[in-house]
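Trainee: Residues per chain are reported as follows:
Number of protein chains: 2
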Amino acid sequence: MQVRELVSRIKKGDRTALAKGITLAENDPKGAAKLLAPMGSPGRAFVVGITGPPGTGKSSLVDRLIEAYRKDGLKVGVIAVDPSSPITGGALLGDRIRMSGHAADSHVFIRSMASRGWSGGLSRATSQVIRLMDAAGYDLVLLETVGIGQSDIEVVGVSHAVLVVLMPGLGDDIQVSKAGLMEIGDIYVVNKSDLEGADLMVVSLLSLFRGSPRSPPVLKVSALSGEGVEKLHDDIEKIRTPFTAGNTELRLKSIRGMIVETARGAAMEHLAGVSEVKAEGLARQVLAGKTTIEAAAARLSA
Amino acid sequence: MQVRELVSRIKKGDRTALAKGITLAENDPKGAAKLLAPMGSPGRAFVVGITGPPGTGKSSLVDRLIEAYRKDGLKVGVIAVDPSSPITGGALLGDRIRMSGHAADSHVFIRSMASRGWSGGLSRATSQVIRLMDAAGYDLVLLETVGIGQSDIEVVGVSHAVLVVLMPGLGDDIQVSKAGLMEIGDIYVVNKSDLEGADLMVVSLLSLFRGSPRSPPVLKVSALSGEGVEKLHDDIEKIRTPFTAGNTELRLKSIRGMIVETARGAAMEHLAGVSEVKAEGLARQVLAGKTTIEAAAARLSA
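Quick mapping for you: the protein sequence lines, in order, are chains A and B. If you read the first sequence in our numbering, its first letter stands for residue 3, the second for the next number, and so on. If you read the second sequence in our numbering, its first letter stands for residue 3, the second for the next number, and so on.
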């Protein structure tokens, strides 16, 4: 398919064309950029980032949000970003959502993306996929990620609203870093509200914001039973309404995030593309005492 | 303290000087590079990377390894790298080890490092801290990280031997990605061997390597009781012995990793240092349709 035809089909909402565009974004950044340039930036899609530690039920929550927004008649795109590493698996999030009933809905488009060796491609591709979904007429993009490491930052950067999903009794390794946590969320969700300790969790989150200029909502939700989802939907709407009405502040924030993530991704991809031979040669020079690691690193990037 | 005096003190094994050098590496990369240049690359320290999902007991295992190697008379440095994110806390790993008895041992040096906003500084600093410990006469450096995301790659890159620590009954979110997992470990440890399912875990790991050219050891260990730690120590020694005897292959691999991580860190730090004003201006141009995200990203990095 020619670029021109692909662009035209994506803009008409053709799902196959959109899928092709996304695959292009994943594998061929320059090709995807060519695709995006003639589309402009409609900037209609509202991007909700959903992040939180593993196991807090983010996918079930996404499922509920799809349901709620489909009732409103919105077209919903879902991007599940898996920070796959050699240790943890990838492509788990999206697969779960895909197994739900929404996959058959022609106004729901679900795509999971796993990083491949952290070459930086994920940061760049996520932004491009959001823009493709936007161009294809999706009103809402739910961007889900396991909230560990770099992917948090990306989600926060490119989203218009960020949900931080927690649950009662988070273990030792997944502690809540108070300082950082306070900064990133627009809405805090204590999911699995049927579990013991949910109220305690809400109270301790609220206490974090006491005396701070910011007081984002803290909600108890059960994605399982659906309890609290309506309130969550309403709180998202409070952020989305001014956006839809044309407020540019959130748009600028998201564009800025996309620029930074695209730059970050490009830098990482450049390094990943540097030849093994060059790195090996530099390492030999360091071993022989002819240069330093720092000087070699500078030459590797050049 | 002048650089010259600091260098001389670190080389004599002065702990206060080493701590100062590490703080410099964390906060002032160029200052640390100046410190490292006159030290050369003794390359005596053997670096063991220890990675795995949260909660698998890596810190307890590190504790056991310190114990085993202190019996051998080695000086042991420990770097606990916490992939802190806005969601997960930082500085957990090292604190736990520090609470153990080894902290009082003058031949054990423990330092935990948390990333601050993922500006890339961690990658670069980790390499520098290894080199400082090396210069200070540490024979063994244990580099521990929670095995999620970018930190895995760093650990693998700069280490001479990589332990992958797993445990029976790993949950849904922390799945073992077979393809990736097979590539990174030199030794696989199924910790918490008293738990149900340990044998099954060993069997399934072994089955991953069936028919592959590589067959790394898969060990059942209980860091709690100490069972299996001696065998683990022996297996590490099988890798360390040729290294100590002067084999350069592992040295080259580690230096190559340090060069790449230093370059990666420098690129990220550069981007983090780009002014908000510049990013904001570019975002406004994108919003106005005067440029594309890709072009803006290229200008941001320039």
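Don't read these hints as lab results, they were simulated from the structure. Quick caveat: nothing in here was measured; it's all calculated off a predicted structure. Some clues are possibly wrong.
Copies of the same chain look alike in the list, so a pair counts if it fits in one copy or across any two.
[Said to hold, decoys possible] Calculated lysine to any residue pairs in the SDA-like style (CA-CA distance at most 25 Å, straight line):
| no. | residue 1 | residue 2 |
| --- | --- | --- |
| 1 | Lys240 | Val9 |
| 2 | Lys32 | Ala304 |
| 3 | Lys22 | Ala106 |
| 4 | Lys292 | Pro31 |
| 5 | Lys14 | Pro170 |
| 6 | Lys280 | Gly171 |
| 7 | Lys280 | Ala105 |
| 8 | Lys14 | Gly33 |
| 9 | Lys292 | Arg253 |
| 10 | Lys292 | Gly228 |
Trainee: Each hint should be assessed against the structure and marked as holding or not.
Mentor: Hint-by-hint comparison with the structure:
| no. | hint | in the structure |
| --- | --- | --- |
| 1 | Lys240 with Val9 | neither (33 Å within a copy, 58 Å between copies) |
| 2 | Lys32 with Ala304 | both (21 Å within a copy, 18 Å between copies) |
| 3 | Lys22 with Ala106 | within (19 Å within a copy, 60 Å between copies) |
| 4 | Lys292 with Pro31 | between (37 Å within a copy, 21 Å between copies) |
| 5 | Lys14 with Pro170 | neither (44 Å within a copy, 50 Å between copies) |
| 6 | Lys280 with Gly171 | neither (49 Å within a copy, 42 Å between copies) |
| 7 | Lys280 with Ala105 | neither (46 Å within a copy, 41 Å between copies) |
| 8 | Lys14 with Gly33 | within (20 Å within a copy, 56 Å between copies) |
| 9 | Lys292 with Arg253 | between (50 Å within a copy, 15 Å between copies) |
| 10 | Lys292 with Gly228 | neither (64 Å within a copy, 44 Å between copies) |
Of the numbered hints given earlier, the model fails hints 1, 5, 6, 7, 10; all others are met.
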